[in-house]
Amino acid sequence: MRLDTIPVLGPLFGAGADDHGFDLLLLFGPLIICAIGILHRSYVSFALALFYTAGFIAYIGYQSITMP
Amino acid sequence: MRVHRGSMAYDLGRMLEALSVLLFASLLIPFVWQEWWAIPTLICSGILPLGLGYFLTHRFEHSGDSGRLHGMMIAASGWFLVALFGSLPFFLLAWTAQLDPGFLGVPQRYTTPGTQAFGTLSVFRHPINGVFESMSGFTGTGLTMAVHENTLPRTLQWWRSFIEWVGGVGVIVLTTAILARPGSGSLTLYESEARSEKIHPSIVTTVRTIWWIFLLFTFFSILLLWLAGMPIWDSINHAMTGLATGGFSITDGSIGTYNSGIIDFTLIPIMLLGSIAFPVHYLILQGDLKNFYRDLQTRWVFIFFGAGTIVLTAVLFRQGLYQTATVSIAGVTLHGTLATLIQSFRYGLFQFVSAASCTGFQTANSLGSEWAPQAQLTVAAGMVVGAAAGSTVGGIKLIRLLTLMKGTLFRIRGVFYPSSAIRTFRLDGRALSGTEASQEFEEAAIITVLWLAFLAIAAFVLIVMLPIGPGPDAYTVENVLFEVASAQGNVGLSTGITGPWMPSLTKVLFIFNMWIGRLEIIPVLVLLRSLFVYRGVYHR
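Protein sequences, first through last, are from chains A and B. The working numbering numbers the first residue of the first sequence as 1 and each following residue consecutively. The working numbering numbers the first residue of the second sequence as 69 and each following residue consecutively.
None of the hints are false.
According to the in silico footprint, chain B covers these stretches of chain A (three or more CB under 8 Å from chain B):
hint, region
1, 20-27
2, 32-39
3, 48-55
4, 60-68
Quick caveat, the hints were computed from the structure, so don't treat them as lab data. The beta-carbon is built from N, C-alpha and C at its ideal position, and this holds for glycine as well.
Bound conformation, chain B alone:
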């Protein structure tokens, strides 16, 4: 056990060192935007994890490789620690503005009570709000404590986008890419971060290739959004959070702020890129375009997104929420019912893709108050299912849903066969033996049941803690289910429940939901069980 504790400490140290690299790299932003007052904050925020990380890696340098159990514990505790230390820029910058040391020249809008900028930044003086924001960022959720994101200092706008971008691929993937570990430890950790796909035989080469693909797509997405009419700073931030399917925005009304059909439609392929598994991207970049329909998950991403969009468009059209007299597309003006249908399609497509890809960008400002319950539940279904495993999305993942559906059909059909019949279960072109099929089915069932159980628990707590029922300040049960699914699915769409006004207990609950959602629950449960056993709270 002592050896494993050493290897755990060593790996946690490496993750903290990687975090400090991110913080020091972010020093470029206050230089570019001349936010000199943010520089000490970033330096202090970087020194702390660097110091602790350096101590741990050097103290436990010669510890052995960690096994599967400890790999899961490292992943769970590492993500928590990274979120904790990643909250330092929020906390320290808010307190820098509050204390306002004269020599730093903090802009007046951050030190004058009553201004939007002051109100938005001062929220982060409370540590829990910073941890919430950081966990939301690293897990790629996008729920936020910032009320007016456009008034945040550029340094914090960048930090939010940057942590979502890194978190989309994974903190361990980053750590492995820049601080490669010898031995089989990297593979164990990689698998504990809800990843299993391998592009190359070597795990270090695989993670570097993942970053290679991700960087290429990021540059492409930034330029695509800029061409669509977004300012360059907005393009950089939204391309990073869109591709990572995170959903943080630097504007008040998310993507709805731009009120541009071109920008809405440009973001669809960017969110789709984030929903497709990296090995498929690698093959497509090499020209093997058949993978768009040959790969089971990718094919189903398109089918699921298409079907969800049709349902949501139909619900919105029937509700008549987006009634409009005219709509212009490429110089052609449409009137009446057709214009309303196109408008409903625009919002339906964007919101369903945003939900199912677990991005959380919003173009419809009134998801909670004006959308019909049927529309909210359609979006919630998209958030729960998610898209392809091995991509940047959250949720249960399409492959698990497909495994469950096919496995259930296989079992039901089995009743009609004689017990001596030899049957083969086929999944994604693979013929699985009885044991293999049971294993796949069992794994998908366990994750799905756990996912729904934690969703139900969180929804119950929220229903107890929040005002539920009719009235302007109350929420509906649909609102609660939507918000919890959004937090646990790492989506970030909100019906208005999430904000600094939430009770602290619900913030803690959402932090927990985001954490378990990103790691697919089991590593967190393994960590908690081990802690309980270690503390004597629970006996084997």
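This is chain A alone, in the form it adopts within the complex:
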């Protein structure tokens, strides 16, 4: 399934940088926030949030290194 075919959010995915890394971050962001709402502050939720934020920053760094 292509992300830009998802109803309502599809045009948003299609409008971005045409980059699957950011598409995944856009998709997983609300899911992790919902998970925190359910799990509250636990090791699992903390790890998920840390992984997401660190991944976000690392991905921009990676983009800058691999930029032509």
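Here the structure of chain A is known, so what remains is to put chain B in place on it, guided by the hints.
What follows is chain B alone, placed relative to chain A:
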């Protein structure tokens, strides 16, 4: 004219439809928090703009594109209408609690006089307080009529944050993103909402990309704040209002409630993100990090924020307001003067970034009564200037200040050259011809003069209406200038003047200041002139 009136009505209808989408989407919140009594309010608040919007869009469906003049009138009247209809949840929820129909099960704390919750919500029974809150939200100002924000129903806490989040990017940007209009009308409207930057050749793709960037940063900010120790509901609300540089809080003492250095320092990059133009964000997300220093405005955001923080820290340190015996940073304990300096830096950095980014979060509870006039005026200077054009901030904007400064120097230097000399005015790496330079300079000068003129008018009215002078219940002139700059710059920091206790005329005045501040004055003046001409009050 008839054709244009039709296209205006059509576009206003679309904006109202977009507003109803926001209201219906917010129905999720009372379901999550089990505030069942708020559901009818949201449904009624959504049906009204939807009905009117549907009527207008269908009645005037085949009207042509609007020109620049009508684009400005649509932007100004659209923002006003959206703020007006956006006040319905405040008004209707307050009256639901007041009438307390048994079958809705309104919690007792909202129906019992004397409780903080009752006092805070009942303020919105007066329509002007709801309109004030709504205008403050949509314009990203953050001045509030709610005395105890933490006691507001979750639905209203969300609605305040949500309208600031949407307003930060722009109501027209939202409307264009979800209800794209064929033809060149979208571009005209987009430019009338104080935006000119284009990421892609197509305006519809540009606004969708702006939302793409904004959503990504919102998720990132929420999780960052949660990691810093904020509860998840607080993180969601503060990330939305921080990134949109709005400044509404869901706590009584804004960010000062948490009294956490980690949270203070975590909010700095979030407010900074909101202060940088979206096209620069787009390039940075693609890995082009050089834009942090290569782009003129972004470079100056850092220089301006840095210089302001140093000045404010020095003033606060000299005043000795934040004297403290010890401060611990990452396990290292600092004592005496160094501890006071660090504490002054913490408050100085946060308050200057909050002011210049036009966010309005507060960590210092005593801005009005305890801060020295020099400190208040430093913060006020930050609020007047603002940050980058094309971001979510208010104020005059750094690029205009830079244009004015460089243009003035260019003119003065020109005196020393022979009249036959060919000189080039350079701005942001662009070489401008004489006509182009004059145009840029003129535009920056007009906005700045208008901005300062309206600031002076509002300050004068406030000085007349409020008790000024010494005494516990009186305000100083610095307080007044600070508050007006805060309202017109869409900042939201307060010295204590703003609240439900204000006279109604000053509320109306602040609503007007917030409105013109968000649209950069000219569209509102164009609308008012047209209305006056139409009504025969003013003749061409």
